[in-house]
Amino acid sequence: MTTTVPTTAALALGDDALVLSHRLGEWAGHAPVLEEEVALANIALDLLGQARVLLSLVGDEDELAYLREERAFRNLQLVEQPNGDFAHTIARQLYFSAYQHLLYGQLAAEDGPFAPLAAKAVKEVAYHRDHAEQWTLRLGDGTDASHERMQRAAGALWRFTGEMFQPVDGLDVDWAALDEAWSERVGDVLRRATLTVPEGPRTGAWTAGAGRQGLHTEPFGRILAEMQHLHRSHPGASW
Amino acid sequence: MATAAPQQTARDQAYAQGDAGDTAAYERAFDAAVAADERIEPRDWMPDAYRATLVRQIAQHAHSEIIGMQPEANWITRAPSLRRKAILMAKVQDEAGHGLYLYGAAETLGTGRDELLDKLHSGRQKYSSIFNYPTLTWADVGAIGWLVDGAAITNQVPLCRCSYGPYARAMVRICKEESFHQRQGYELLLALGRGTPEQHAMAQDAVDRWWWPSLMMFGPPDDASQHSAQSMAWKIKRHSNDELRQRFVDICVPQAETLGLTLPDPDLRWNEERGHYDFGPIDWTEFREVLKGNGPCNEQRITQRRRAHEEGAWVREAAAAYAAKPTAETGATRA
Numbered sequence: 001m002t003t004t005v006p007t008t009a010a011l012a013l014g015d016d017a018l019v020l021s022h023r024l025g026e027w028a029g030h031a032p033v034l035e036e037e038v039a040l041a042n043i044a045l046d047l048l049g050q051a052r053v054l055l056s057l058v059g060d061e062d063e064l065a066y067l068r069e070e071r072a073f074r075n076l077q078l079v080e081q082p083n084g085d086f087a088h089t090i091a092r093q094l095y096f097s098a099y100q101h102l103l104y105g106q107l108a109a110e111d112g113p114f115a116p117l118a119a120k121a122v123k124e125v126a127y128h129r130d131h132a133e134q135w136t137l138r139l140g141d142g143t144d145a146s147h148e149r150m151q152r153a154a155g156a157l158w159r160f161t162g163e164m165f166q167p168v169d170g171l172d173v174d175w176a177a178l179d180e181a182w183s184e185r186v187g188d189v190l191r192r193a194t195l196t197v198p199e200g201p202r203t204g205a206w207t208a209g210a211g212r213q214g215l216h217t218e219p220f221g222r223i224l225a226e227m228q229h230l231h232r233s234h235p236g237a238s239w
Numbered sequence: 001m002a003t004a005a006p007q008q009t010a011r012d013q014a015y016a017q018g019d020a021g022d023t024a025a026y027e028r029a030f031d032a033a034v035a036a037d038e039r040i041e042p043r044d045w046m047p048d049a050y051r052a053t054l055v056r057q058i059a060q061h062a063h064s065e066i067i068g069m070q071p072e073a074n075w076i077t078r079a080p081s082l083r084r085k086a087i088l089m090a091k092v093q094d095e096a097g098h099g100l101y102l103y104g105a106a107e108t109l110g111t112g113r114d115e116l117l118d119k120l121h122s123g124r125q126k127y128s129s130i131f132n133y134p135t136l137t138w139a140d141v142g143a144i145g146w147l148v149d150g151a152a153i154t155n156q157v158p159l160c161r162c163s164y165g166p167y168a169r170a171m172v173r174i175c176k177e178e179s180f181h182q183r184q185g186y187e188l189l190l191a192l193g194r195g196t197p198e199q200h201a202m203a204q205d206a207v208d209r210w211w212w213p214s215l216m217m218f219g220p221p222d223d224a225s226q227h228s229a230q231s232m233a234w235k236i237k238r239h240s241n242d243e244l245r246q247r248f249v250d251i252c253v254p255q256a257e258t259l260g261l262t263l264p265d266p267d268l269r270w271n272e273e274r275g276h277y278d279f280g281p282i283d284w285t286e287f288r289e290v291l292k293g294n295g296p297c298n299e300q301r302i303t304q305r306r307r308a309h310e311e312g313a314w315v316r317e318a319a320a321a322y323a324a325k326p327t328a329e330t331g332a333t334r335a
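Each protein sequence line maps, in turn, to chains A and B.
The letter at position 184 of the first sequence is residue 184 when you use my numbering, and the numbering goes up by one with no holes.
The letter at position 225 of the second sequence is residue 225 when you use my numbering, and the numbering goes up by one with no holes.
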């Protein structure tokens with residue numbers, strides 16, 4: 001019996017981790033406090049580690065990261081969103097880590113090709129989720145200014161959250177149940193942070209599953225221009 | 001049951017010879033402890049000048065770690081392979097961690113991180129001049145690992161035996177990680193040195209630009225070093241600037257040969273009589289200019305640091321306000 005690696009799923013999960021890791025890497029040297037330099041780099045490294053395992057299931061990690069063009073990437077639009085202020089970064093982390101924790105929890109419990117990765121990653125992601133939730137509470141229930149920023153960030157990224165629950169080929173997951181569990185967890189944290197749960201649409205004609213189909217937002221092309229430039233300038237070189 | 005007599009330290013003996021409470025006795029005790037290679041700890045009496053020198057040195061060291069994140073972080077988003085990207089991210093994370101240890105060590109001397117950062121941001125305290133040079137190519141990341149971290153280790157390993165306990169202990173932890181970074185930088189350059197002609201040229205160019213600034217990291221020559229004599233007497237420093245610089249040159253020359261790279265110094269040659277490499281004169285005018293704030297990146301580095309701090313103020317205020325609020329469960333404040 002041979003197990004085939006579900007390529008679509010590995011690319012979707014791997015690209016999510018790769019792109020979010022890249023965004024967090026942009027924070028290095030810019031964080032509001034030294035402890036957050038450590039924390040954000042730590043999370044970025046965990047995600048990069050996950051990306052490398054997942055992309056390697058499909059092919060050569062560097063070819064996949066550095067030589068695919070924008071339309072071939074399968075990451076969620078959420079993870080490619082610019083860092084914005086610290087509240088935007090935390091809102092993005094809150095939404096994504098809650099999703100990743102639930103998803104990897106399910107994958108770890110099953111006997112599929114992603115179980116070994118998910119079993120390791122779910123421990124890292126539990127820490128990421130805790131970090132994001134604690135900061136959501138501090139910012140939401142901190143000062144008036146931080147409350148306002150956190151509310152704005154939670155609202156601005158809300159429309160990218162529906163895409164997380166679009167089915168992915170090769171992942172045997174109850175997506176509706178995942179969405180429900182996510183909404184409950186995130187809603188609870190936002191309320192405890194004295195924030196209003198955003199009410200706008202979470203999917204639209206363009207956004208539903210768009211990143212998974214290789215349809216990205218404009219900032220994404222610039223990520224690749226920066227990430228791939230050196231590698232592409234020296235074809236065939238090893239580093 | 002008989003108990004062993006507590007071991008009498010040099011400090012105890014010196015106290016015993018005079019009235020405790022009289023400054024001369026404290027001074028004798030301090031000098032005796034330093035002479036006997038005992039560690040000075042935060043609650044021990046120490047001369048004001050010793051405390052001030054340590055605060056200056058440890059703070060400058062801490063500031064160098066956090067400013068030093070910038071030239072390398074400049075390449076995180078452009079690292080040419082995922083493995084190199086992971087290594088670089090881990091390194092920059094370690095540097096933030098080193099900054100934290102060192103601010104912690106400085107705080108044992110009665111200062112605070114906020115106060116030290118304020119002095120950095122206002123230019124009243126310095127950081128290592130090396131970080132005022134730009135990282136122009138990927139190979140600079142390797143040159144920093146090999147040369148800059150290499151010079152830092154040469155300087156810092158003796159600090160593991162520094163007379164002030166908290167600093168010495170921080171250095172033990174830091175030096176372990178730094179040696180790892182140094183080897184990774186060397187390995188990065190080795191890959192380039194043995195890579196394509198373009199990669200080799202990139203590596204050589206980086207070494208050409210970082211060699212002299214790395215030699216300047218050991219500070220001014222011994223005859224012009226204002227703090228050296230006192231620091232050596234207090235066993236904060238163990239070796240002179242020129243001794244350490246020579247040690248570093250002697251280590252680097254054979255490593256450069258292995259890398260297949262040259263060092264940009266026509267006067268560099270083995271001196272059989274001395275048993276060391278002779279090397280050419282350092283441009284101390286450039287060194288002084290960079291220290292005065294006129295290096296290529298001084299303005300950029302400090303501006304970025306200040307901006308990160310100022311733009312992060314609302315985050316720190318939020319965390320403080322949240323910590324001060326009573327929790328719903330117990331009614332006690334969180335902090």
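These are computed hints drawn from the structure, not numbers from a lab.
Just to be clear, a hint being listed does not mean it is correct.
Stated by the list, open to error - Going by beta-carbon spacing under 8 Å, a handful of chain A positions derived as facing chain B:
1. A28
2. A41
3. G49
4. V53
5. G59
6. E61
7. G209
8. A210
9. T217
10. P219
11. E226
We put the beta carbon where it would ideally sit given N, CA and C, even for glycine.
Verification of the supplied hints:
Interface restraint check for A:A28: the shortest CB-CB distance to chain B comes to about 4 Å, inside 8 Å, so the restraint holds. Hint status for A:A41: holds, given a least beta-carbon distance of 4 Å to chain B, under 8 Å. Of the supplied interface hints, the one on A:G49 holds, with its beta-carbon coming within about 7 Å of a beta-carbon of chain B, less than 8 Å. A cut of 8 Å between beta carbons decides the hint on A:V53: the least distance to chain B is about 11 Å, and the hint is violated.
The criterion of a C-beta within 8 Å of any C-beta in chain B is not met by A:G59, whose closest approach is roughly 13 Å, and the hint is violated. Hint status for A:E61: holds, given a least beta-carbon distance of 5 Å to chain B, under 8 Å. Annotation: A:G209 was flagged as interfacial toward chain B, and the flag is violated, the nearest CB pair being 26 Å apart, outside 8 Å. For the restraint placing A:A210 at the interface with chain B, the shortest Cβ-Cβ distance is roughly 24 Å, beyond the 8 Å limit, so the hint is violated.
Taken as an interface hint, A:T217 does not check out: its beta carbon lies about 18 Å from the nearest beta carbon of chain B, beyond 8 Å. Violation of the interface hint for A:P219 is found here, the shortest Cβ-Cβ separation to chain B being roughly 13 Å, above the 8 Å cut-off. Checking A:E226 against chain B: minimum C-beta separation of about 5 Å stays under 8 Å; hint holds.
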